[in-house]
Structure formats: C-alpha cells, structure tokens
Amino acid sequence: MTINAHTLAQLAERFDLGLRGDGGIVIEGVATLASAGVGQLAFLANPRYRNELARTTASAVVLRAEDAGNAPVACLVAANPQAAFARIAALFDPRKLPAPGIHASAVIDPSAQVDPRASIGPFVSIGARSTIAAGAIVGAGCVIGDDCVIGTDCELVARVTLVCRVRLGNRVMIHPGAVLGADGFGLAMEAGRWMKVPQLGGVAIGDDCEIGANTTIDRGALDDTVLEEDVRLDNQIQIGHNVRIGAHTAMAGCAGVAGSTKIGRNCLIAGAVGINGHIEICDNVVIHAASTVLNSIDQPGEYSSGTALQDHHTWRRNVARFKHLDELARKLNTLAKDSTQ
Amino acid sequence: MTINAHTLAQLAERFDLGLRGDGGIVIEGVATLASAGVGQLAFLANPRYRNELARTTASAVVLRAEDAGNAPVACLVAANPQAAFARIAALFDPRKLPAPGIHASAVIDPSAQVDPRASIGPFVSIGARSTIAAGAIVGAGCVIGDDCVIGTDCELVARVTLVCRVRLGNRVMIHPGAVLGADGFGLAMEAGRWMKVPQLGGVAIGDDCEIGANTTIDRGALDDTVLEEDVRLDNQIQIGHNVRIGAHTAMAGCAGVAGSTKIGRNCLIAGAVGINGHIEICDNVVIHAASTVLNSIDQPGEYSSGTALQDHHTWRRNVARFKHLDELARKLNTLAKDSTQ
Amino acid sequence: MTINAHTLAQLAERFDLGLRGDGGIVIEGVATLASAGVGQLAFLANPRYRNELARTTASAVVLRAEDAGNAPVACLVAANPQAAFARIAALFDPRKLPAPGIHASAVIDPSAQVDPRASIGPFVSIGARSTIAAGAIVGAGCVIGDDCVIGTDCELVARVTLVCRVRLGNRVMIHPGAVLGADGFGLAMEAGRWMKVPQLGGVAIGDDCEIGANTTIDRGALDDTVLEEDVRLDNQIQIGHNVRIGAHTAMAGCAGVAGSTKIGRNCLIAGAVGINGHIEICDNVVIHAASTVLNSIDQPGEYSSGTALQDHHTWRRNVARFKHLDELARKLNTLAKDSTQ
Numbered sequence: 111m112t113i114n115a116h117t118l119a120q121l122a123e124r125f126d127l128g129l130r131g132d133g134g135i136v137i138e139g140v141a142t143l144a145s146a147g148v149g150q151l152a153f154l155a156n157p158r159y160r161n162e163l164a165r166t167t168a169s170a171v172v173l174r175a176e177d178a179g180n181a182p183v184a185c186l187v188a189a190n191p192q193a194a195f196a197r198i199a200a201l202f203d204p205r206k207l208p209a210p211g212i213h214a215s216a217v218i219d220p221s222a223q224v225d226p227r228a229s230i231g232p233f234v235s236i237g238a239r240s241t242i243a244a245g246a247i248v249g250a251g252c253v254i255g256d257d258c259v260i261g262t263d264c265e266l267v268a269r270v271t272l273v274c275r276v277r278l279g280n281r282v283m284i285h286p287g288a289v290l291g292a293d294g295f296g297l298a299m300e301a302g303r304w305m306k307v308p309q310l311g312g313v314a315i316g317d318d319c320e321i322g323a324n325t326t327i328d329r330g331a332l333d334d335t336v337l338e339e340d341v342r343l344d345n346q347i348q349i350g351h352n353v354r355i356g357a358h359t360a361m362a363g364c365a366g367v368a369g370s371t372k373i374g375r376n377c378l379i380a381g382a383v384g385i386n387g388h389i390e391i392c393d394n395v396v397i398h399a400a401s402t403v404l405n406s407i408d409q410p411g412e413y414s415s416g417t418a419l420q421d422h423h424t425w426r427r428n429v430a431r432f433k434h435l436d437e438l439a440r441k442l443n444t445l446a447k448d449s450t451q
Numbered sequence: 111m112t113i114n115a116h117t118l119a120q121l122a123e124r125f126d127l128g129l130r131g132d133g134g135i136v137i138e139g140v141a142t143l144a145s146a147g148v149g150q151l152a153f154l155a156n157p158r159y160r161n162e163l164a165r166t167t168a169s170a171v172v173l174r175a176e177d178a179g180n181a182p183v184a185c186l187v188a189a190n191p192q193a194a195f196a197r198i199a200a201l202f203d204p205r206k207l208p209a210p211g212i213h214a215s216a217v218i219d220p221s222a223q224v225d226p227r228a229s230i231g232p233f234v235s236i237g238a239r240s241t242i243a244a245g246a247i248v249g250a251g252c253v254i255g256d257d258c259v260i261g262t263d264c265e266l267v268a269r270v271t272l273v274c275r276v277r278l279g280n281r282v283m284i285h286p287g288a289v290l291g292a293d294g295f296g297l298a299m300e301a302g303r304w305m306k307v308p309q310l311g312g313v314a315i316g317d318d319c320e321i322g323a324n325t326t327i328d329r330g331a332l333d334d335t336v337l338e339e340d341v342r343l344d345n346q347i348q349i350g351h352n353v354r355i356g357a358h359t360a361m362a363g364c365a366g367v368a369g370s371t372k373i374g375r376n377c378l379i380a381g382a383v384g385i386n387g388h389i390e391i392c393d394n395v396v397i398h399a400a401s402t403v404l405n406s407i408d409q410p411g412e413y414s415s416g417t418a419l420q421d422h423h424t425w426r427r428n429v430a431r432f433k434h435l436d437e438l439a440r441k442l443n444t445l446a447k448d449s450t451q
Numbered sequence: 111m112t113i114n115a116h117t118l119a120q121l122a123e124r125f126d127l128g129l130r131g132d133g134g135i136v137i138e139g140v141a142t143l144a145s146a147g148v149g150q151l152a153f154l155a156n157p158r159y160r161n162e163l164a165r166t167t168a169s170a171v172v173l174r175a176e177d178a179g180n181a182p183v184a185c186l187v188a189a190n191p192q193a194a195f196a197r198i199a200a201l202f203d204p205r206k207l208p209a210p211g212i213h214a215s216a217v218i219d220p221s222a223q224v225d226p227r228a229s230i231g232p233f234v235s236i237g238a239r240s241t242i243a244a245g246a247i248v249g250a251g252c253v254i255g256d257d258c259v260i261g262t263d264c265e266l267v268a269r270v271t272l273v274c275r276v277r278l279g280n281r282v283m284i285h286p287g288a289v290l291g292a293d294g295f296g297l298a299m300e301a302g303r304w305m306k307v308p309q310l311g312g313v314a315i316g317d318d319c320e321i322g323a324n325t326t327i328d329r330g331a332l333d334d335t336v337l338e339e340d341v342r343l344d345n346q347i348q349i350g351h352n353v354r355i356g357a358h359t360a361m362a363g364c365a366g367v368a369g370s371t372k373i374g375r376n377c378l379i380a381g382a383v384g385i386n387g388h389i390e391i392c393d394n395v396v397i398h399a400a401s402t403v404l405n406s407i408d409q410p411g412e413y414s415s416g417t418a419l420q421d422h423h424t425w426r427r428n429v430a431r432f433k434h435l436d437e438l439a440r441k442l443n444t445l446a447k448d449s450t451q
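Chains as they are written, first to last, in this note's numbering: chain A, 111 to 451; chain B, 111 to 451; chain C, 111 to 451.
No lab work stands behind these hints: they were computed from the structure.
Among these hints, one or two may not hold up.
[Unchecked claim] Okay, the calculated beta carbon distance ranges per label pair:
#1 C:180 with A:406: 16 to 26 Å
#2 C:209 with A:303: 28 to 38 Å
#3 B:409 with A:299: 46 to 56 Å
#4 B:208 with C:226: 25 to 35 Å
#5 A:131 with B:300: 22 to 32 Å
#6 C:225 with B:214: 22 to 32 Å
Glycine included, each C-beta is placed from N, C-alpha and C at the ideal position.
Please model the complete structure; the sequences and the hints are all you need to start from.
Below you can see the structure in the form of structure tokens.
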C-alpha cells in the first residue's frame, strides 16, 4: 500500500468515526458523490445532494448516521461529515510547503527581522522594522512595507501587499492580490477641493484569520482596523478604515463594509452584502445575499433586503408601481376608512 | 502612402463590405463619430448614436445599409458594423508584441517547460511542472504556481497569478491583477471555530476566453472550476469554486457567482449581478444589471430584480411602505372581498 | 521639547484657529475622542460623536465654535474641524518618503525617461517611451507599460499597473493593486462567437486625483477614459472604458461605472453604487449607498434605490407581494373606481 492509501478502518479509528461496511476497503483519494470511483471517498453534508447518494460509485461515503441507511456503499459515520471529510481530504493534499530561507532576489531592509525558519519567495520586498516569524511563508511578489508583523506559521500565498503598520497574528492565511493597510478613504472638503486626512492607524489581524484574493482592508485613521481571531473573509471584499469584525465571523465574496462599523462575533455575511459606515451589528447575525445594511442591528437573527428576480417585463411593471407605493398605500387606507364608515 | 493607410476601396474589398461614395478616400486611423476628422473612419452600430451621424466630420463611416442614406460622407456598408469596424481598427493598433524569450530576471523551476517561442517578462516566477506553450506571453510580475498549463498564444498581460492546477486552453487573455486558482472558500464549523476544507481541484479555462483585470476564479474543492470556450469576463468579477460557465457566455464588471453554480451557454450577465451558489441557469439567459439571482432559472429570457432610482425622499417613503407590503396586500384583499359581498 | 511636540498656542497660530483654554498645553500626538489621553489632540466634526466629547480625556479638542461650550478640556476652534485636524495630524505622520533614485532591480526600457528626482522601487518595470517626472514615487512591484506619463509628485504606492497610454497629471496618488489602462470590455458578436474590439484609446487622470486599492480603470476604445482633477476613488471600484468623471467627484468603495457614461462635477457616489453605461449624470448629484442608476440624471439632488433591511421572514412575504405589485395596484384602482361609482 502506498503512503497515501488508508483503509476505511484506519480512517475510522484515526478520526473517531463510525464504520459501516467493509473496513478493509482501501481509500486512495477523495471526490464528489457524483464523480467518485473505485478507491475514492465521497461525502454527504448538504441535504441538497442527498439524491446523489443512491447513485454514487464511490468506494465509501462520509455522512451522518441518519443518511447511512440510504448509502449503497460502505460508510464512515460522523456527527459533522464536512469536518470529518476536511480532515481526511487533507491527507490527500499534494501540496509541498516551500523550504525555509530567503530567495536570492528578495529585497529586505537591514532593520527588518526574518526568522531563519520563515520562507521568503522571489521578488519579495520587506520594509523597515518589519518582522517575519518562524514558519511564515511570504510567497512570490509580496510587498511588505514598514512596521509590519507577520506571526508564526502565517502564509501570504503570493502578490500580497501589507502597506504599513499591519500586524498579523499566528496562522493567518492571505490569498493573492489582497491589500492590507492601504490609506483609509479619509477626505475633508475645503474651499471646493478635497483634502487628504492622514491615516495614522494600522491594521491588526487576529490568529487564524483567512483573507481572500483581491480583498482590501484599509488601515485606520487614528486607531487600528481590527479583525479578531478566526475571521474568514472571501475574495474581493472591501473593509473600510476603523472597522472591527468579531471573532469567528465569516463574510462571502464581494461584500463591503464602510468605515468605523463594528460587526459582532459569529456573524455570517453572505456575498455582495453592503454594510454602511458608523453602525454596529451585534453577535450572531446572518445577513442574506446582496442585502444592504444601512442601520445598526441589535437583535440576533436573519436579515434581508432587495426584491426577487422576475422576468424583465413583469419586473418593469412592478418597479413602476413601487415608485408610487406610498401613494398606493394612502389610497388604500382612504378606501378602507371609507368602506368602514 | 504609408503602410498604415488604406483606401476605402481597399478596405471594402479586404473585409467584404459594401462601398458608397469615393473609393479613393485614404483612411489613416479610426475614431468616434463625434471626434473623427479628415483621414479617419468612424462607425455607427448602437442606435443611441444615430443623431451623431449627420454631424460627423469623419472621412467615412462603417454602418448598416439602413443608415447609409443618412450619412453625409462616404460609407462602408456592413451587416455587422461593429465586427467590421473591429477588424479595420485592428489595422491601426500600434501595439508591438514582445519578442520571444525569457527575461533574465525570471525565476523558473527546473521542472517547468517553457517553449522557446513563448515570451516571459521581468519578475515572473514559474512553479514546478508548469508548461508554457508557443506564442504565449507571460507579462511582467506574473506568478505561475505549480502544475499549471498555459496554452498556445495565451496572453497574461502583467501581474496575473495562477496559484496552482490552473489549465488554460489556447488564445486565453488575462488582464492584470486577475487571480486564478486561489483556494475556494470552503469552511466547516466545528466546536465554534472554522476549519479549512482542503481545496484539491483546479481551474480549467477553455480556448478563447478573456478574463478581466482583478477578476478572481477560485479552484475547485474536489472537481475543477470550469469556463468553457469563448467565455468573456470583465473586471472585478468573482467566480466561486466549482462554478461552471457555458461557452460564449459574457459577464460584465463586478458580477459575482457563488460556489457550485452552473451557468449555461450564450448567457449575458450584466454588471454587478450577484448569483447564488448551488443553482443552475440554463442557456440563453440575460440577467439585467445589478440583479440578484437566488434560485435556478430553467427558461431562456430576460430577468431583473431591484427597484428603480428615485429622489431620496420619495424613495424613503416608498421603502417604508415596502416593509409592510404583505399587510397592505392582505388589507386590499379583505377590502375587495367585502366589496363583492 | 522634541521636534514633534507643539503647544496649543503654536498650533492655533500656525493654522489660524481659535484657542480656548491653556495655550501652553503640549500636544505630542493625535487620537480619537474616545481614546485620546494626555498630550493628545482629538477632534469633533461628525455630530454622531458629540456624546463622546463630555467624556474625552484628550488634552485638547479641535471643534466648531458651537461645540466648544461642551468641551471639558482646552479647544482649538475651527470653521472646518476635519480640515484643521487633517493639517495638524500631518505633523505627526511618521512616514518617511523614499530617497530619489532607481532601485538596482528595476527594469527600464531604454526609451523611457525617469527624472533623477523620482524614486523607482524594487521590481518595477517601465515600458517604452514612458516618462516619470520629478518627485514621483513608483513603489515596489509596479508595472508601467508603454507610452505612459507619470506627473510631478505622483505616488504609486506599490504593485500598481499602468497597462499602456495612461497619463497621470501631477500629485496623483494610486494605491496597491490598482490597474489603469487595461483593455475595455469591447466585444462584437459574429457567427455565434465573440470577437475582440481593439481598444486604441488611453486613460487621462487629472491633477490631485486619488485612486484606491484594487480599483480598475479601463482605457478607452477610441477616445480616452477621463478623470478630471481632484476626483477621489476609493477601493475596488470599476470604471469602464470611455467613462468621464467630473472634477471633485468622490466615489466610495465597490462602486462601478459601465462604459461611455459621463458623471458630472462635485458628485458624491456612495459605496456599492452601480451606474449603467451610455448615460449622463449632471453636476452635484448624490447617489446613496448600493443604489443602481439605470438612466441619466439631469437634476442635482439626492437619489436612492433598493429596499430596506428586514428580518428575513417578513422580507420573504413582502418580496412575494412585490412580484405581483402591478396586479395589486390594478386591483386597488378598480376597487377605488367601483367605490366612487
């Protein structure tokens, strides 16, 4: 058996999962329910895909106990199949970490400190007084400005920019194109012209945060912009200056948060959500896709805005009526009053 | 006549166009109807600009037969004036392709293969086992990770990142800042903390696709994220992991597609459209600007959501009524029932 | 007194501000009302933060005359406290400008001209015929293509791309990841396939413009894409080809403008606003957050679209009614007609 093959029984024991069926089945890879074949393990977590279970040609499936009866193949039973599958899938990740050391092409300020156990890729520049801790990976083309801190085991995949005064905790992962610590959008209008307000704060990112490709997080005007621990941001997100995001909050692609807003812990912000500046959102709030949040939210729960998709011509007629909705409501109220008199 | 001058008669013959007026007129450049002068060719395709035709000072205009009667100058008549103009305009593009060869500063893994007819710019890094085909251009500052394939005559303009397992067909063009193959946003929640789900798939881009500046396309969790041939993505678009986009579909700026969604062939997705995850959109669907698509679409046609722009104070009143629209409708139904009794 | 310490009296005189309280108080830094301590100056401009004034532990506060009576500490009185504070804060900005000169790693075309008083960072490439004026800063990893002009005292912070034919005025600031001059999204459909329309124009950026991180501005198809002087764009904005934006207009994060649209002077475009192509917006227009602008606007004023955030279940009921709003309005009109007969 090659090093990357595991019997079902071994996987069940290693990850503390239930086993149904032949524990001797050998797993050499992972795949989806729809595409897995012999030697591959699939998983069922999202009920949307339940109908694919009966037809699967996987050698085995990770699933909840309640779904095991419907599986045509051997099963690993987990309370949280997605988490169990994530652990097993990691065994099959072909990725090799880069070796420690500094690439010959990197340009590093004499006052910067790079731990010898860190890996600095080609075409990386590191500014004055910045420090890179052990185990950190700074990939090709990253620009690290002055006064930045990169904690233990962080990974900046490639082409990440930390402009200045950006402090990362440990195990922070940042995907390509992300820009942290750019000037906040601070302007004063004077005599008909814009005047730039200096942005003197920094950015503080907690342990275990993940920041997506081409996401931007501006540095604070005076205080820092803050992500608490285990905040997860997808791609193309914009976080304005002096925003604070609570621990374990996750935000999907294309969301944006304007300056000085505070978002609580354990929130789920769906894709393309826009959040106004200078407001507060409490813990445990779910904002559904493409909603706009103009005012503070002080009750946990699920929130939405917008209208549903329709065929374009019906939509046009409805939108035309929406422009007069207040009149329409007044008319109705008058009519209701008249009819009861 | 310089090499970049062509008579109308030559252009008509070369591109199989009708000619009205003096075929000896010399064209040395192209410009808009509004700004073109002597020696310049303009075009009329969008009816919005018809009123500029009568006033044009161009030497000649490319247009449809039905518009030729209104032209004050010589014409080239085309069934598809935009396509005809595109071909003619290409004659006047001053751009010179870079010479083949690898810039001295590039850092290329020994296991990568670069065709000698490819052009690799300054500060490019190329990872293990990646291959670059003949005629491909990899511009300044691009980062190509491990196990990528760049097909014949592809162009990565500059500062493009292919993270890993990204396979481009032939003639794919990618604009600066685009990131393909970053980790999909795959997370499992366990014991109150996020856990990363390994992203083991890749990205497969078909022939003749174009991908805009700062657009992001994540790699799949298990299977690939796929763009079929001739898909055209504008700037700042986000494509989640395991999305599949059908051939000839075009998507305008700032659109976003969440994970595992399938979009059909020949669709037109306008700017700032948000598309939910795990849904299917059939072929030949048009989604109008800034719409949100939450559910699958199984009928070709045009779709929209949202409300129309209004002066802010009227809008506020209407929005306040929208918050009670269901009550309002119930009240109306009651009233209607009462009035018919 | 260190060089970065100033008495209130000195600040009042230098910036022509009123002084209330002890002019001998020494200011060594700036901070927010909520966090400032001894030796620090805070400011009050946004009325939202008025309640923090009474509790401030700052040594002094910059504010309007009308607020001075409520300050528990010494004050600098200004007609425009934000502008006054911006000037004072600049005294405390720790940033050091890079020294003039060209980094050894930069790759510069022989036909490019770089003023000896400009600063060119590591891993910068500069194309044919481009010129960089005195005082300009081109930070690490920037890619400057062919035929670009960078004016006096411009700053390209890092990893900025000017693709080709991009002309910057003086004192233009561009943040990391921005891409100017990429191909506009110009396509013609012919025989069921997309055909690229050459993009022969450029980008012209006026004096004193600021362009945010990961913002994209495409070059024109024939004419230029234009930002007049003192236009301020936040992060992640998309500006399509041939757009023109008037002087002093500011646009917040994640906004997008489709091709060939003209926006007037002194407009304020809030975050996540989407603006259609081929329309005109007059001077002095304010568009509120997340609105969609489909048609031209010819009257100054404030505009909005969209609906307000609600709890998800109430929203679902209202949205279902919106899909039949036109029917509902017809029913009401019929009822009203019947009741008056």
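These are the hints, each one checked on the structure:
For residue 180 (chain C) and residue 406 (chain A), the Cβ-Cβ distance of about 24 Å falls inside the hinted range of 16 to 26 Å, so the restraint holds. Roughly 30 Å separates the CB atoms of residue 209 (chain C) and residue 303 (chain A), a value that falls within the hinted 28 to 38 Å. Between residue 409 (chain B) and residue 299 (chain A) the C-beta distance comes to about 50 Å, which sits within the given range of 46 to 56 Å. For residue 208 (chain B) paired with residue 226 (chain C), a C-beta distance near 28 Å keeps the hint of 25 to 35 Å intact.
Range check, residue 131 (chain A) to residue 300 (chain B): Cβ separation about 25 Å, and the 22 to 32 Å hint holds. Between residue 225 (chain C) and residue 214 (chain B) the beta carbons are some 26 Å apart, a value that agrees with the proposed interval 22 to 32 Å.
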